[in-house]
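What follows is each chain in one-letter form.
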Amino acid sequence: MAAILDIKDLRKAYADGFEALKGVDLQIEQGEILALLGPNGAGKTTLISTVCGITRATSGQVLVGGHDIITDFRAARSMIGLVPQEINLEPFEKVLNTVRFSRGLFGKARDDAAIERILRQLSLWDKKDNQIRALSGGMKRRVLIAKALAHEPRLLFLDEPTAGVDVELRKDMWEIVEGLKADGVTIVLTTHYIEEAEAIADRVGVIAKGELLLVEEKASLMARMGQKQLDVQLSEPLDAVPEALAKYDLTLCDQGCTLTYAYDTRAERTGITKLLGDVSAAGLVLRDVVTRQSSLEDIFVGLVHEDAEDGR
Amino acid sequence: MNWTAIKAIYLFEMARFFRTLAQSFISPVLSTSLYFVVFGAAIGSRIDEIEGVSYGAFIVPGLIMLSVITQAISNASFGIYFPKFIGTIYELLSAPVNFLEIVAGYVGAAATKALFIGVIILITAFFFVDVTIQHPLAMVAFLLLTCLSFALLGFIIGIWAGSFEQLQLVPLLIVTPLVFLGGAFYSISMLPPVWQTISYFNPVVYLISGFRWSFFGAADVPIAVSLLAIGGFTVACLAVIGWIFKTGWRIRQ
Chain C
1 MAAILDIKDL
11 RKAYADGFEA
21 LKGVDLQIEQ
31 GEILALLGPN
41 GAGKTTLIST
51 VCGITRATSG
61 QVLVGGHDII
71 TDFRAARSMI
81 GLVPQEINLE
91 PFEKVLNTVR
101 FSRGLFGKAR
111 DDAAIERILR
121 QLSLWDKKDN
131 QIRALSGGMK
141 RRVLIAKALA
151 HEPRLLFLDE
161 PTAGVDVELR
171 KDMWEIVEGL
181 KADGVTIVLT
191 THYIEEAEAI
201 ADRVGVIAKG
211 ELLLVEEKAS
221 LMARMGQKQL
231 DVQLSEPLDA
241 VPEALAKYDL
251 TLCDQGCTLT
261 YAYDTRAERT
271 GITKLLGDVS
281 AAGLVLRDVV
291 TRQSSLEDIF
301 VGLVHEDAED
311 GR
Chain V
1 MNWTAIKAIY
11 LFEMARFFRT
21 LAQSFISPVL
31 STSLYFVVFG
41 AAIGSRIDEI
51 EGVSYGAFIV
61 PGLIMLSVIT
71 QAISNASFGI
81 YFPKFIGTIY
91 ELLSAPVNFL
101 EIVAGYVGAA
111 ATKALFIGVI
121 ILITAFFFVD
131 VTIQHPLAMV
141 AFLLLTCLSF
151 ALLGFIIGIW
161 AGSFEQLQLV
171 PLLIVTPLVF
181 LGGAFYSISM
191 LPPVWQTISY
201 FNPVVYLISG
211 FRWSFFGAAD
221 VPIAVSLLAI
231 GGFTVACLAV
241 IGWIFKTGWR
251 IRQ
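Which chain is which? The protein sequence lines are C and V, in order. Mapping of the first sequence onto the numbering used here: residues 1 to 312, in sequence order. Mapping of the second sequence onto the numbering used here: residues 1 to 253, in sequence order.
Keep in mind the hints are simulated off the structure, nothing from the lab. It is possible that some hints are incorrect.
Facing chain C, a subset of chain V residues (Cβ under 10 Å, in silico) [claimed, not checked]:
#: 1; residue: 15
#: 2; residue: 90
#: 3; residue: 231
#: 4; residue: 232
#: 5; residue: 252
Positions of the beta carbon are idealized from the N, C-alpha and C atoms, including for glycine.
All chains should be modelled from the sequences, with the hints used to inform the complete structure.
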């Protein structure tokens with residue numbers, strides 16, 4: 001199937017010389033949900049802004065549904081809906097008016113039935129005559145989504161839809177995304193929560209320092225990210241991993257005071273029980289036992305590191 | 001052309017105007033009435049006729065110009081600055097519209113509002129003084145061109161402004177003095193020769209003179225020059241706006 005979004009070697013350098021995007025290539029298939037994971041300042045928003053026409057690329061090409069975003073911007077932008085990260089809304093406008101405005105702005109004839117369907121889908125219909133300033137934060141976010149959907153886009157960008165949102169609302173948001181996917185809308189969302197990508201994405205892209213480090217099927221990436229680490233801290237330092245524990249693939253660190261064991265939390269058997277049994281059978285005296293889950297930050301650091309090594 | 005988008009922007013902007021219709025309506029009527037009371041009745045009664053027109057009637061074109069120019073600038077500059085300020089400009093920038101369509105929507109709405117105010121002031125004037133309009137077509141043309149060109153200038157100011165203070169700066173420091181010194185309340189010929197010469201460097205002089213000609217048939221400068229001046233100013237504003245959108249100055253990084 002043809003990609004609905006095709007980004008080729010996209011680069012963006014700001015006037016002050018800062019390179020926000022360093023040659024991003026990305027293809028997104030029709031109907032999928034792609035989560036872009038990355039720490040703050042990774043270039044997620046710049047990437048989205050460039051595709052949507054808010055920021056100008058320094059070089060590279062972007063095709064949306066086969067339409068170039070520069071030379072054929074009308075066709076390209078008509079297909080795109082954007083939900084920005086910040087809640088940017090006119091406080092004194094009424095919900096219905098502002099959503100209707102968005103539809104007109106994107107060149108679609110007024111269609112009250114379509115607007116009603118969107119507002120109902122987002123549980124906003126009851127609030128349609130409310131001024132935006134009277135809405136809660138979560139409702140405002142829904143208005144942003146309604147505005148983005150008002151012209152019935154095929155490709156929807158959600159820039160950190162759940163940043164600073166409580167757990168319940170986050171779940172709501174995920175349901176909304178599911179519903180949109182069912183309607184055939186392709187969705188690209190940015191987030192820095194792994195759970196979020198895990199909950200709703202089909203594929204996950206990891207972006208850091210303006211580079212897209214990988215794009216992978218969620219399942220395989222989650223397996224990699226699901227690694228946990230067990231640190232066994234010893235009272236007496238060791239010179240080497242004892243013979244009896246050789247089968248566990250342990251690493252000795254902290255000047256011989258800590259044995260580190262990596263395991264997969266999803267595996268049927270993590271092997272912890274046996275390991276700890278064998279540790280005590282080997283006569284080692286424990287000072288403490290700590291488990292750590294690699295944070296997203298760690299994974300980024302790891303990926304950037306790998307990347308640098310590949311480049312050598 | 002994306003006419004639907006132009007219409008959407010235009011109606012959205014006009015809706016803001018109609019929400020505050022009473023304010024939009026009352027304040028120009030009140031201030032115009034005050035001008036007539038102060039300049040027309042109190043001071044005007046001591047001033048002879050100017051070019052065969054009573055002073056009260058003489059100031060009508062200048063008063064209309066003063067309000068129209070101020071309104072066109074403030075409406076257009078606020079119209080585009082507000083989305084920038086609250087961040088909703090992202091939607092304009094990501095919409096399938098080109099700069100002409102954005103300008104047509106915002107400037108069209110601002111010019112319409114200014115025109116509306118101008119007409120209200122004209123109607124108010126009829127209650128206070130005898131006003132004749134010798135060249136109605138020319139009057140309408142001048143009024144429309146003034147609304148349009150100063151709305152364009154306002155749009156530029158709105159794009160340029162980085163704060164609400166800056167938004168007020170150009171109208172307060174430049175436009176209002178130019179209008180007051182542009183012969184809104186007097187004829188340039190009443191000034192000493194040196195000041196007459198200096199006045200000819202003020203673009204608003206040509207505007208008010210031409211507009212006054214359409215009322216009374218008398219002008220400080222030839223009518224063709226007036227038309228040329230306002231036409232040239234409109235084109236210059238359009239050129240600047242074209243450049244702004246081409247380079248993305250202050251709106252698109």
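The hints, checked one at a time:
1. 15: This hint holds: residue 15 (chain V) lies near chain C, its Cβ roughly 7 Å from the closest one there, short of 10 Å.
2. 90: With a closest approach of 5 Å, the residue 90 (chain V) hint holds.
3. 231: Nearest chain C Cβ about 31 Å off; hint violated.
4. 232: At about 32 Å, which exceeds the 10 Å cut-off, the nearest Cβ of chain C leaves the hint on residue 232 (chain V) violated.
5. 252: holds (6 Å)
Violated hints for the displayed structure, listed by number in ascending order: 3 and 4.
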